[in-house]
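**Student:** Place chain Y on chain V using the hints.
Quick mapping for you: the protein sequence lines, in order, are chains V and Y.
Numbering-wise (the numbering used here), the first sequence opens with residue 1 and increments by one.
Numbering-wise (the numbering used here), the second sequence opens with residue 1 and increments by one.
Bear in mind the hints are in silico, worked out from the structure with no lab data behind them.
All residues carry an ideal CB built from backbone N, CA and C; glycine is no exception.
There's no promise every hint is true.
Unchecked claim - Within a straight-line C-alpha distance of at most 27 Å, the following computed BS3-like cross-link-like pairs (lysine-lysine) qualify:
no. : chain 1 : residue 1 : chain 2 : residue 2
1   : Y       : K76       : V       : K60
2   : V       : K62       : Y       : K199
3   : V       : K76       : Y       : K199
4   : V       : K169      : Y       : K76
To be verified - On the chain V side, residues computed to face chain Y include the following (Cβ under 8 Å):
no. : residue
5   : F46
6   : K47
7   : L49
8   : I61
9   : F171
10  : L182
11  : W184
So you can see what is in the structure, the chains are spelled out below.
Protein chains: 2
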Amino acid sequence: MIMPTLEFWFDFGSNYSYLSAMRIEALAREQNVDVVWKPFLLGVVFKSLGWETSPFVVQKIKGDYMWRDMARLCEKYGLPWRQPGTFPRTALLPMRVALVGADQGWIAPFAQRMMTMNFAADREIDNVEAVSEVLTELGLDAPAILARALTQDNKLRLRRQTEQAQALKLFGTPSFISAGELFWGNDRLEDALAFAIQKRVSTTG
Amino acid sequence: MIMPTLEFWFDFGSNYSYLSAMRIEALAREQNVDVVWKPFLLGVVFKSLGWETSPFVVQKIKGDYMWRDMARLCEKYGLPWRQPGTFPRTALLPMRVALVGADQGWIAPFAQRMMTMNFAADREIDNVEAVSEVLTELGLDAPAILARALTQDNKLRLRRQTEQAQALKLFGTPSFISAGELFWGNDRLEDALAFAIQKRVSTTG
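Next up, chain V with everything else stripped away, as it sits in the complex (with noise of 0.2 Å):
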């Protein structure tokens, strides 16, 4: 029997992103669901799509409102949280290294780790020392997974990805795509994942 996946779609300048990298794994097991995990260029899309930045810095009472419902779901969920000083942080190095965990299978743990020096520590994570630091923490050979993700091939895989971010008409994140449809936030992680069981269910039964 096939496990049913979930498709996780998120860039580490997300804030939302945070909350789910956080949450999806465990969630996922306990309902015998498969993560694959899927770093793209937020901030390509949203300049695609004639957004400048986050619409978080564009409409500020937005903005003002989100940090604080931020601290209110760091609070429900038991997480570590401080706002970060730079909001959107630039993530293309650890973007790149990401897509090399995917193929290697450390990508949840590297994930993880990057989003809580973004949104727990409010550390820059855009830069070799810190990747280096969080590879070398997973037990991994950090330089030699530094030179694969910055070859040439790798930063085109990066910016596929990003190009099939906007084919399956994404414009947030985190964002799902489960059962072939699109789920949206943080708030729709438990959703995405009972319509990946629904439908498995529905079409093997």
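**Tutor:** Okay, now just chain Y, sitting in the frame of chain V:
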């Protein structure tokens, strides 16, 4: 012992307000929270923020997603649903009538029926016939209520309530004010209720 209260700020044209309008009374009753229904003109708030209409109209990709999201959520909550042929619908007259209902104790069933007319029957709601039909169904004196709703005093009152929404930094609907804090979106209804209870316990206990 005073019951904790939850303010429910909404507009009849707002699709996610429909979900909360249909759910809020039962949820609040279970938890012994008193709901204060607060209609206001969301379009006026949008314009003051520089948004010409609903973000779901301005950002078509998000709007397309929203309709699918609504269909799934209505299925989940067991609510009737038909995508409105006009969106967002104006609702100036039902908003004015709703204020009379707030005084006379029938705002909740009135609002639920107007919402259902918009989002399940796909009918126009901003006219005397639609409003009278709902008032009559509720066993109320439609002509007398309409006359009161159309007084200058009542019109000013809706304007003042909209200004109050702006002072509270509302930027969308549904919004909830719980123990002095803003919660935005149908997705936050349960959290807003929990917050009202938690703050009551922590101040009295």
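**Student:** Next, verify each hint and record whether it holds.
**Tutor:** Tested hints:
no. : hint           : in the structure
1   : Y:K76 x V:K60  : 33 Å, violated
2   : V:K62 x Y:K199 : 24 Å, holds
3   : V:K76 x Y:K199 : 14 Å, holds
4   : V:K169 x Y:K76 : 23 Å, holds
5   : F46            : 11 Å, violated
6   : K47            : 13 Å, violated
7   : L49            : 6 Å, holds
8   : I61            : 5 Å, holds
9   : F171           : 5 Å, holds
10  : L182           : 6 Å, holds
11  : W184           : 6 Å, holds
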